[in-house]
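Start from the sequences, fold in the hints, and give me the full structure.
Number of protein chains: 2
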Amino acid sequence: MPEGWLCRFAPPQESIVSPNELEHYLHQNIPLSQAMHVSVVSVRPEDVVLSAPLPPNINHRGTVFGGSASAIAILAAWSLLHARLHDEGTHSRLVIQRNTMHYERPIDGGFTARSFLSDPLAWSVFTRTLRRRGRARIAVSCVLEYAGRPAGQLDGLFVALGMESD
Amino acid sequence: MPEGWLCRFAPPQESIVSPNELEHYLHQNIPLSQAMHVSVVSVRPEDVVLSAPLPPNINHRGTVFGGSASAIAILAAWSLLHARLHDEGTHSRLVIQRNTMHYERPIDGGFTARSFLSDPLAWSVFTRTLRRRGRARIAVSCVLEYAGRPAGQLDGLFVALGMESD
Chain A
1 MPEGWLCRFA PPQESIVSPN ELEHYLHQNI PLSQAMHVSV VSVRPEDVVL
51 SAPLPPNINH RGTVFGGSAS AIAILAAWSL LHARLHDEGT HSRLVIQRNT
101 MHYERPIDGG FTARSFLSDP LAWSVFTRTL RRRGRARIAV SCVLEYAGRP
151 AGQLDGLFVA LGMESD
Chain B
1001 MPEGWLCRFA PPQESIVSPN ELEHYLHQNI PLSQAMHVSV VSVRPEDVVL
1051 SAPLPPNINH RGTVFGGSAS AIAILAAWSL LHARLHDEGT HSRLVIQRNT
1101 MHYERPIDGG FTARSFLSDP LAWSVFTRTL RRRGRARIAV SCVLEYAGRP
1151 AGQLDGLFVA LGMESD
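As you go down the protein sequences, you meet chains A and B in turn. So the first sequence is numbered by the working numbering: it starts at 1 and just counts up by one. So the second sequence is numbered by the working numbering: it starts at 1001 and just counts up by one.
If you're looking for bench data, these hints aren't it; they were derived computationally from the structure. Hints may contain errors.
Claimed, not checked - Between beta-carbon pairs, the in silico distance windows are:
no.: 1; chain 1: B; residue 1: Pro1120; chain 2: A; residue 2: Arg131; range: 44 to 50 Å
no.: 2; chain 1: B; residue 1: Asp1119; chain 2: A; residue 2: Arg135; range: 32 to 38 Å
no.: 3; chain 1: A; residue 1: Arg93; chain 2: B; residue 2: Arg1132; range: 31 to 37 Å
no.: 4; chain 1: B; residue 1: Pro1120; chain 2: A; residue 2: Glu46; range: 42 to 48 Å
no.: 5; chain 1: B; residue 1: Leu1121; chain 2: A; residue 2: His91; range: 45 to 51 Å
no.: 6; chain 1: A; residue 1: Gly134; chain 2: B; residue 2: His1037; range: 18 to 24 Å
no.: 7; chain 1: A; residue 1: Arg133; chain 2: B; residue 2: Arg1093; range: 44 to 50 Å
no.: 8; chain 1: B; residue 1: Gly1162; chain 2: A; residue 2: His91; range: 49 to 55 Å
no.: 9; chain 1: B; residue 1: Gly1062; chain 2: A; residue 2: His60; range: 28 to 34 Å
no.: 10; chain 1: B; residue 1: Gly1110; chain 2: A; residue 2: Leu161; range: 21 to 27 Å
no.: 11; chain 1: B; residue 1: Gln1028; chain 2: A; residue 2: Leu161; range: 38 to 44 Å
no.: 12; chain 1: A; residue 1: His91; chain 2: B; residue 2: His1024; range: 39 to 45 Å
no.: 13; chain 1: B; residue 1: Asn1029; chain 2: A; residue 2: Val125; range: 41 to 47 Å
These numbers come from a predicted model, not from an experiment. Quick reminder that beta carbons are idealized off the backbone N, C-alpha and C, glycines included.
Have a look at this one:
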């Protein structure tokens, strides 16, 4: 296990970035996250879970607007990379390059977005490439869940630029 | 030219759905469009143009948040189908099934989203299938522009369900 996250003795559910800190950061820096009433449920190395209620994200049919679903999935995916890099003491500019989004069923109420590395083993190559070349790409996925069932999935490709250590 | 839009004698830039009507509809029914300060610039059979300012859509880097970019592109794509079907006197439920989004360059200020049918010739098959089977799919694209240059593109697949005439 070559990377910092996994070598630590702290239980994996602990993180330097707490849910409250991440939520505050999102609300302060990305006003749409506040407009969508996004809450941070949990931040772990393996996944970040965000949630949002229906009313600010509703569409003309009384279900979640696809743009809200897409936006919260992107937020969750970005948050995972932000938290993992922060926990390694590095600050890179993270840019989304592309994503696909599948809307599987309508969401009629509050929902969650759980992001995770599309390939967890890619992390060590990603950070090594970032250190060596100052630029690296990594794929992050995000599952939207409503009433205990998947309702959609985002697959995104992010680029990290620059590598500044604490 | 088999379809209603194109057979009319009215100039193509005229539409039953006016920009003001569409903007009012979006703001009333999709609160995120109001939070993003979305304006409707134009509604024509061939394209719908929306615009949004930077401040409500900003991210931690001072550029447009990818989730906002994606959401306004989805709104513009949906609006085109809504306006075209409305102009034909039909009301179908429009559902986004999937989309891809490419983010080509950062957006540092107010921006526009121009949606159009990915294949304009597909419209007649779409409406015919919708009338016959009560369900049909169609692809819509949307280009984001900032400072006169493309900044991103969405390609979305929508499903229309049900066909109720006025």
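Hint-by-hint comparison with the structure:
{"no.": "1", "hint": "B:Pro1120 - A:Arg131: 44 to 50 Å", "result": "holds (48 Å)"}
{"no.": "2", "hint": "B:Asp1119 - A:Arg135: 32 to 38 Å", "result": "holds (36 Å)"}
{"no.": "3", "hint": "A:Arg93 - B:Arg1132: 31 to 37 Å", "result": "violated (51 Å)"}
{"no.": "4", "hint": "B:Pro1120 - A:Glu46: 42 to 48 Å", "result": "holds (46 Å)"}
{"no.": "5", "hint": "B:Leu1121 - A:His91: 45 to 51 Å", "result": "holds (49 Å)"}
{"no.": "6", "hint": "A:Gly134 - B:His1037: 18 to 24 Å", "result": "violated (36 Å)"}
{"no.": "7", "hint": "A:Arg133 - B:Arg1093: 44 to 50 Å", "result": "holds (48 Å)"}
{"no.": "8", "hint": "B:Gly1162 - A:His91: 49 to 55 Å", "result": "holds (50 Å)"}
{"no.": "9", "hint": "B:Gly1062 - A:His60: 28 to 34 Å", "result": "holds (32 Å)"}
{"no.": "10", "hint": "B:Gly1110 - A:Leu161: 21 to 27 Å", "result": "holds (25 Å)"}
{"no.": "11", "hint": "B:Gln1028 - A:Leu161: 38 to 44 Å", "result": "holds (40 Å)"}
{"no.": "12", "hint": "A:His91 - B:His1024: 39 to 45 Å", "result": "holds (43 Å)"}
{"no.": "13", "hint": "B:Asn1029 - A:Val125: 41 to 47 Å", "result": "holds (45 Å)"}
Hint violations for this structure: numbers 3, 6, all remaining hints satisfied.
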